Amino acid sequence: MKFVDEFRDPESARTLLRNIEALVAKIPVCRARPLQIMEVCGGHTHSIFKYGIEQMLPRELELVHGPGCPVCVLPMGRVDDCVALAEHPNVIFTTFGDAMRVPGSRKSLLQAKAEGADVRMVYSPLDALKLARAHPTREVVFFALGFETTMPSTALTVLRAEAEGLGNFSVFCNHITIIPTIKAILDSPELTLDGFLGPGHVSMVVGTEPYRFIARTYGKPLVISGFEPLDILQSTWMVLKQISEGRCEIENQYQRVVPRAGNDLALAAVQRVFELREFFEWRGLGSIDHSGIRLRASYTRFDAEKRFSVPNLKIADPKSCQCGEVLKGVIKPWQCKVFGTACTPEAPLGSLMVSSEGACAAVYQYGGATLDNLRRRAATPSRVRRA
Amino acid sequence: MTETARLVPEPTRRRRSGRVSVERINLSHGSGGKAMRDLIDDVFVSAFGESLGALEDQACMPLAALSRHGDRLAFTTDSYVVDPLFFPGGDIGELAINGTINDLAMCGAQPLFLSCAVILEEGFPVSDLRRIAQSMQHAAQRAGVSVVTGDTKVVHRGAADKLFINTAGIGVVPLGVHIAAARAQPGDRILVNGFIGDHGVAILAARDDLELEVPIASDTQPLNGLVKALLAACPDVHCLRDATRGGIASVVNEIAEAAGVCIRLHEPSIPVREAVRGVSEILGLDPLYYANEGKLVAVLPSAHADAALAAMRAHPCGRDAALIGEVTAQPPGSVILQTSFGGERIVDMLVGEQLPRIC
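Here the protein sequences come in this chain order: Z and S.
Take the first sequence: its position 50, counting from 1, is numbered 50 in my numbering, and each next residue is one higher.
To convert a position in the second sequence, counted from 1, into my numbering, add 387.
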């Protein structure tokens, strides 16, 4: 397939892998402990597992799967709020598909739907707007979530609803912003990371500037990466190259998509509609200052949290769940006490097991085809059978 | 309320000729009275004709005739709820015939007789029902099977979505043919009879909500002829599965688990159309999990793999057949994909649904 296969060429991969191995051999720290590079974005995590990249890398190099899956970091209390909104008799609750199975404290949206709530899967916020036009007597709520990648489309949808004077459309806003979260990870006392693969699509919107502090203040290299397997290998090589040369910069491997200044139009729409929350709760990571986004006061009428009453309760993560440590790279998914036993993709306990972009689900489902991994899986009870 | 028929039509039987004059199905069409008789005559008897025979409460088949085909009966049933009912490459009626035929064919059985039960939602257009019944008859004729008994129910508006069909089928397994998932052995080769994922993508694209324009038609087709040709070339086929819901990935997982073997698939060898790959890239879905309605996975001894592949490619339902992998001993119960990129990963059973209600 044109413009896709070029980025999946096995021959180029072998060349890059040889170059990576050569660099790893030159970096002294690799002889004492594995070098850790975190891919911040869930899209990268998915690609890494889908193409089996992890096992292709030298043992001295570890990829840590970061907090960049917006579905995974959604706290249970917010899922409960979604369910409460969806169960409102006059509401059509619209959501992206992969949020349907995220467990709340009582149930997921999928279960609420089975119990009679009008929950509909959409592919774009504009689909929700279409539903609002088609059902003028119903209240259509769009479950907005995601980082800067999806924020502009929500903002533009709100602006469109305003322009059309739609009175029955609102947004349950759970957008989050990535920068404060990277900062929170960097401030963590347990931190052992040596560098980052920066998110591609977030950067397409925000540009490369917001990451400067990571290199300047924290002395860690970051390379903004594309999502194809060769992108990821090349970006990994670029991070290693910086480390081996004692440099620490923000570099952009994904130049075919990410402009230095980001996307002005998208940023303007986001600015107009949204503002930062004081703080926002992340599953596994706790409360992070200025990491959540809400609608500005001038758009209150499109804010589902204002239009309806939601429980807005803080629900603690299950005690046995170690999502936070996995997110920070302190432990690997399979080192979690409940991985593959109490927590599986069929019955997820922790959020990282829910979406295919979550590190645990990716390891469980796509897992490296290593004997260790297969043994772990073989010990897992009750694999799902086809009906 | 069951209306059935004898296998062998009696020439002296009086042919009824009721007609449905209304445009939409109403509750009286399921009442058991005259309106229902008219519907059955007009739609089903006119489509399935002679094979529906005398409209008794059951169909009777002479055992002697059946036993000429083999030594065991194969019996299966499946329900069809696909949405939309009509899609590029087929409709629910064709699916209901081919799907049940294929379930029978996967043990090597020659499919012979089918039943057809429909559940109709009040308000369903009679013209659509006629079209679907005709399409079922064409599919049955193509595969050489007869629809010999049936049933019609009508439910209140909202109690069912437009139309559901159940078909059950009877076939006969030839002497000496033993095909079962547990028979896969290390060293066996894995074959597939063509491009995977066409049906899943055709349904996805036919749904209004995605507004995707994809030049892909469903692959719905009967596989009994292909299986016959395959068995002629390689009588010792170990396993056959049609890769419907859950796709190729689920089928090979079932085989790996049943036989306690490892299945290794070679991604570059798996036939996937460009357009199917394109849709998968856009939506982040995996073609290995898309439903198919005319694709089978065959596991057979490596010594016969070339002959089997040639026989499949010589058949119209297997022109694009390919050798896609092999069976190894370790680690048992697992499926490993060698990716085109040069890595390896596990291919697991699908958890939950990739897509809502696909067949």
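Don't read these hints as lab results, they were simulated from the structure.
Because the structure is a prediction, the values reported are computed rather than measured.
Glycine included, each C-beta is placed from N, C-alpha and C at the ideal position.
Certain hints may be false.
EDC-like, lysine to aspartate or glutamate: derived pairs with alpha carbons at most 16 Å apart [said to hold, decoys possible]: (1) Z:LYS130 / S:ASP735; (2) Z:LYS2 / S:GLU598; (3) Z:LYS241 / Z:GLU21; (4) Z:LYS130 / Z:GLU164; (5) Z:LYS337 / Z:GLU325; (6) Z:LYS50 / S:GLU731; (7) Z:LYS107 / Z:ASP127; (8) Z:LYS2 / S:ASP470; (9) Z:LYS113 / Z:GLU87; (10) Z:LYS113 / Z:ASP80; (11) Z:LYS50 / S:ASP673; (12) Z:LYS50 / S:ASP428; (13) Z:LYS107 / Z:ASP118; (14) Z:LYS26 / Z:GLU190; (15) Z:LYS107 / Z:GLU275; (16) Z:LYS26 / Z:ASP80; (17) Z:LYS306 / Z:GLU139; (18) Z:LYS50 / S:ASP735; (19) S:LYS540 / S:ASP623; (20) Z:LYS332 / Z:GLU139; (21) S:LYS549 / S:ASP428.
Far from chain S, some chain Z residues (derived; all Cβ distances over 10 Å) [said to hold, decoys possible]: (22) ALA114; (23) SER188; (24) ARG247.
Failing hints, ascending? As far as the earlier hints go, 1, 2, 7, 8, 12, 14, 15, 16, 19, 20 and 21 are violated by this structure, in ascending order.
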